[in-house]
Amino acid sequence: MPNDIETIPQLCETIDSFAEESGLEMSLTMSLNLAIEEAVVNVMEYAYPAGTKGEVDVQMSSNGQEIVFILSDSGVAFDPTKHKEADTTLSAEERSIGGLGIHLVRQIMDSISYQRTEGRNILTLKKKILTI
Amino acid sequence: MTFDIKEQNGGMAVTVSGRLDTPAAVKAQQEIAPILENADKEIVLDCTDLEYISSSGLRLFLTIRKEAASKGGKVIIEHINDEIKKVFMMTGFYNLFEIR
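As you go down the protein sequences, you meet chains A and B in turn.
With numbering that gives the first Met the number 0, the residue at position 127 of the first sequence is 126, and numbering never jumps.
With numbering that gives the first Met the number 0, the residue at position 12 of the second sequence is 11, and numbering never jumps.
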């Protein structure tokens, strides 16, 4: 997908269909939607200088026990796992506007790993699925 | 995604509905201007029909909350669904607002 936030609703629709095919619960689907939106918006905002065109590749897969999302882009090296954590205990007056997105990704996903390979940022996000 | 704003009982009654994702939140930055202008009053945000919120949407809520704090107003959030409540809990926003 292009690095344009207007494409986010389409990404969410794609995740919804993937989640439905994988038999995920609504609640988990919404959490995954949120985590992936935040991770992708992060790439759009940090990997490419404002106004430049770029792309973000999103792959999703499931083996029945775990859902894996792989985000990759050819923008500037950016490791969101090193991003400063938002302090969620602060009062409204003290809270800053940034850091919330990556905080949500960390809260929702079970693991996040970053690699820089052949000029690309590769972010792997995993979430275990509860089986009945 | 809409912010439907009405003046009511000397305060502001705002109905927030739809999906408050990143592009919707960017557009809504302009829409919330009348709320910020009236942030010295009581602002009630009715979220009965709010389906989804991302961090950009939360930032709008925080902007309103900060403006109210500086102008002496009050922000009340009503009827958030369980999923949105979870997002408020994960981010510590649940403690920043009066929620009912």
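None of these hints come from the bench; they were simulated from the model.
Heads up, the beta-carbon is just placed ideally off N, CA and C, and yes, glycines get one too.
Just to be clear, a hint being listed does not mean it is correct.
Some chain B residues near chain A, calculated using beta-carbon distances under 10 Å [said to hold, decoys possible]:
(1) VAL25
(2) GLN29
(3) VAL86
To see whether the hints hold, each was checked on the structure:
Evaluation of the VAL25/B hint against chain A yields a held restraint, the C-beta minimum of about 7 Å falling below 10 Å. The beta carbon of GLN29/B is not positioned within 10 Å of any beta carbon in chain A (closest approach about 16 Å), and the interface hint is therefore violated. For the restraint placing VAL86/B at the interface with chain A, the shortest Cβ-Cβ distance is roughly 7 Å, inside the 10 Å limit, so the hint holds.
Going down the numbered hints, you'll see the structure goes against just number 2.
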